[in-house]
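Peer 1: Sequence:
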Amino acid sequence: MTSEERPGYEEGSRGGGLTVWIVPAALLVAVWLWLVFQSGGYLPQQWAPPALAVAFFALLAGVLLAYPRRPGRLSLLVLGLFTVYCLWAGLSATWALSETRAWVEAVRILAYLLSLALALTYFTDRSARRYFRYLAILAITILCSTAITKLWLADGIAGLFFVNRFSFPVSYPNNAAALFLVAFWPLMWLASSREERAPIRGVCLGLATCLLGLAFLTQSRGAVWSLGISLIFMFLVSPARLRLFLYLLVPSLLMVYQFPRLNRYWTEGPAAVGGVMGARTLLVAALAAAFIGTILALLEGWIRIRGRLKALVGLLVIIGCAAGLVYGGLTFNQDSGGVAGWVTQAWRQFTTGAKPQDINGDGSGSTIRLADFSSSGRVPVWKVAWRQFEKTPATGVGADNFALAHDKSRMTSALEMEHAHSFTLQVLADTGVVGGVFTLGGMLLAALSLLWPRLAAGWAGARSTWLRRHRSPLAGHDDGSPGPHAEPTDRGEPARKPRWGNDPTLYGWHMAVLAAAVYWLVHAHVEWLWQMMGVSLPVLLFLASGIADIHARLDDSRARSSRRGARDLGLAAVSPQRLTTSAVGDRGPAGGANPEEPLRLVTRRAERHERKMMKRTEKARKSAERTVKRGPVLAPPGAL
1 MTSEERPGYE EGSRGGGLTV WIVPAALLVA VWLWLVFQSG GYLPQQWAPP ALAVAFFALL
61 AGVLLAYPRR PGRLSLLVLG LFTVYCLWAG LSATWALSET RAWVEAVRIL AYLLSLALAL
121 TYFTDRSARR YFRYLAILAI TILCSTAITK LWLADGIAGL FFVNRFSFPV SYPNNAAALF
181 LVAFWPLMWL ASSREERAPI RGVCLGLATC LLGLAFLTQS RGAVWSLGIS LIFMFLVSPA
241 RLRLFLYLLV PSLLMVYQFP RLNRYWTEGP AAVGGVMGAR TLLVAALAAA FIGTILALLE
301 GWIRIRGRLK ALVGLLVIIG CAAGLVYGGL TFNQDSGGVA GWVTQAWRQF TTGAKPQDIN
361 GDGSGSTIRL ADFSSSGRVP VWKVAWRQFE KTPATGVGAD NFALAHDKSR MTSALEMEHA
421 HSFTLQVLAD TGVVGGVFTL GGMLLAALSL LWPRLAAGWA GARSTWLRRH RSPLAGHDDG
481 SPGPHAEPTD RGEPARKPRW GNDPTLYGWH MAVLAAAVYW LVHAHVEWLW QMMGVSLPVL
541 LFLASGIADI HARLDDSRAR SSRRGARDLG LAAVSPQRLT TSAVGDRGPA GGANPEEPLR
601 LVTRRAERHE RKMMKRTEKA RKSAERTVKR GPVLAPPGAL
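The numbering of the sequence shown is my numbering, which starts it at 1 and goes up by one.
These are calculated hints, taken from the structure and not from any lab test.
For glycine and all other residues, C-beta sits at the position ideal for the given N, C-alpha and C.
Possibly wrong hints are sitting among the right ones.
Taking CB as the label site, the calculated pair distances span [stated by the list, open to error]:
(1) LEU554 to LEU43: 51 to 61 Å
(2) PHE350 to PHE235: 17 to 27 Å
(3) PHE259 to VAL326: 20 to 30 Å
(4) LEU76 to LEU451: 18 to 28 Å
(5) GLN45 to ILE142: 22 to 32 Å
(6) LEU138 to GLY228: 25 to 35 Å
All chains should be modelled from the sequences, with the hints used to inform the complete structure.
Peer 2: And the structure:
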């Protein structure tokens with residue numbers, strides 16, 4: 001499928017075909033779909049059956065040793081941190097207000113842990129990682145098809161909406177938006193990746209457009225802001241920004257065009273609009289995006305933009321974006337009365353929950369909910385969670401005991417929250433600093449394992465560029481390989497293969513899954529996504545596919561280094577004998593090797609090198625004389 005799937009990539013599955021290890025990957029994707037259509041897997045009776053199935057499979061695989069190979073060290077460290085957090089959550093039942101809630105939360109964390117462990121273990125197989133992407137595409141296709149069919153055929157369409165906001169299939173609009181957008185960046189990368197076939201790329205772009213439209217129907221402000229932050233992150237870390245964001249224009253422009261129709265569900269209500277209009281709008285947008293994506297993929301195989309032309313196109317895109325931002329900023333400044341006033345008003349709405357004036361100015365309410373900055377009562381709940389953490393900073397009140405402690409310490413009787421609506425505050429309030437260190441530490445370690453090769457490659461590239469700043473752009477390295485800016489060859493391939501961290505074909509998927517994790521983490525800080533397994537499980541699967549792929553590459557590079565070192569050691573052992581016995585020169589009377597022959601060879605090579613350096617010096621002197629004859633040479637400032 002991709003260029004990383006080449007022979008010798010890792011020990012198992014060298015052929016890259018179907019293997020038995022694809023079955024566990026399909027099982028994990030099936031568990032995710034089951035949880036999605038069980039209202040997101042929020043209640044214990046909804047997520048307990050698939051959790052038991054995962055636990056039984058993990059036990060069976062551990063007893064029979066039925067796995068391709070052991071995960072990498074970093075994967076084991078991540079699993080170790082989450083294991084300690086799971087044990088700490090179970091231990092918190094000894095001081096929690098409700099032991100049952102603490103034990104149920106510990107079992108839910110264990111289900112997450114086992115799913116992540118199985119994914120990291122079976123994704124060590126190259127075929128399992130390869131076909132997991134196709135399985136994810138299939139699962140998202142089922143999700144989008146089911147949502148559109150429900151809209152098209154639903155007689156009681158009001159059951160699919162909650163307060164004029166689309167809530168299918170998890171019964172809560174904000175979590176439904178997270179479910180739709182958590183796979184947006186992986187799909188966008190597959191749509192823009194040259195390593196995929198054109199039909200697959202078109203399907204991925206169509207699915208990404210459909211997910212964006214479904215998320216818009218939820219009218220989730222947190223989802224929009226989280227997607228914007230992940231967009232900035234993706235722009236910073238993506239190894240192929242220009243190509244990715246050119247493909248991103250397709251769903252963006254289609255959603256802008258379909259905005260008035262989809263927004264009618266919020267302004268008029270689903271009963272008045274009907275489901276057929278929304279289903280038709282989403283279907284047409286998805287098919288149009290799939291068609292455009294396929295055409296772009298086919299054209300991209302014929303038209304290649306390289307070198308200065310690529311830089312010119314990128315510069316034009318940046319200029320266009322900058323011009324649009326300037327124009328939008330000026331228009332916004334005129335309409336809102338200045339940036340300072342707008343920020344003050346937005347902060348007041350966010351902290352107090354006050355509703356903004358509608359766009360018509362009649363005060364009847366906002367017709368664009370996404371322009372509303374109200375926190376919907378979350379700020380007081382966050383204050384209560386922080387107060388609980390201050391009371392018991394080390395241990396917390398007990399896993400999933402926030403609701404019971406909240407009833408005692410809430411500020412008003414109107415606030416009755418089951419969760420803190422913030423992942424970090426919930427962890428700190430429930431399990432204290434100890435739980436926060438292990439949970440957030442495991443997440444940070446997983447993110448750094450994906451990002452570190454990219455950072456290392458960027459540092460190495462910047463350092464090598466700085467050291468070679470006085471060389472010609474086309475100058476090669478000391479080993480004879482072409483320079484970093486060498487022109488492509490006649491066959492259309494680059495003259496020098498970029499480092500792993502700078503190669504889109506090898507590194508783009510990891511940045512896409514990391515952007516998906518960033519989206520989930522940002523959105524989870526204003527919602528209770530962790531408590532809904534159908535929303536959080538795909539993030540773990542995406543992260544596991546990226547981390548396992550990085551570990552496989554590191555193991556493969558170490559194996560190549562070991563083989564290269566053994567080969568060099570063997571050559572070093574053979575070279576002295578070859579130098580003394582195979583030298584061509586004077587031989588003794590008995591036909592043996594002349595003992596002075598090695599010294600003569602070394603002297604001859606030194607003389608040859610000296611003559612070469614003298615020729616280079618003479619050539620440089622003549623070039624300087626010609627330059628002086630053409631005109632005066634201006635000394636640089638400070639040279640005198």
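Peer 1: Each of the hints needs a verdict: does it hold here or not?
Peer 2: Results of checking the hints against the structure:
1. LEU554 to LEU43: 51 to 61 Å: violated (41 Å)
2. PHE350 to PHE235: 17 to 27 Å: Check passed, 25 Å falls within 17 to 27 Å.
3. PHE259 to VAL326: 20 to 30 Å: holds (23 Å)
4. LEU76 to LEU451: 18 to 28 Å: holds (19 Å)
5. GLN45 to ILE142: 22 to 32 Å: Given about 23 Å between the Cβ atoms, the range holds.
6. LEU138 to GLY228: 25 to 35 Å: holds (29 Å)
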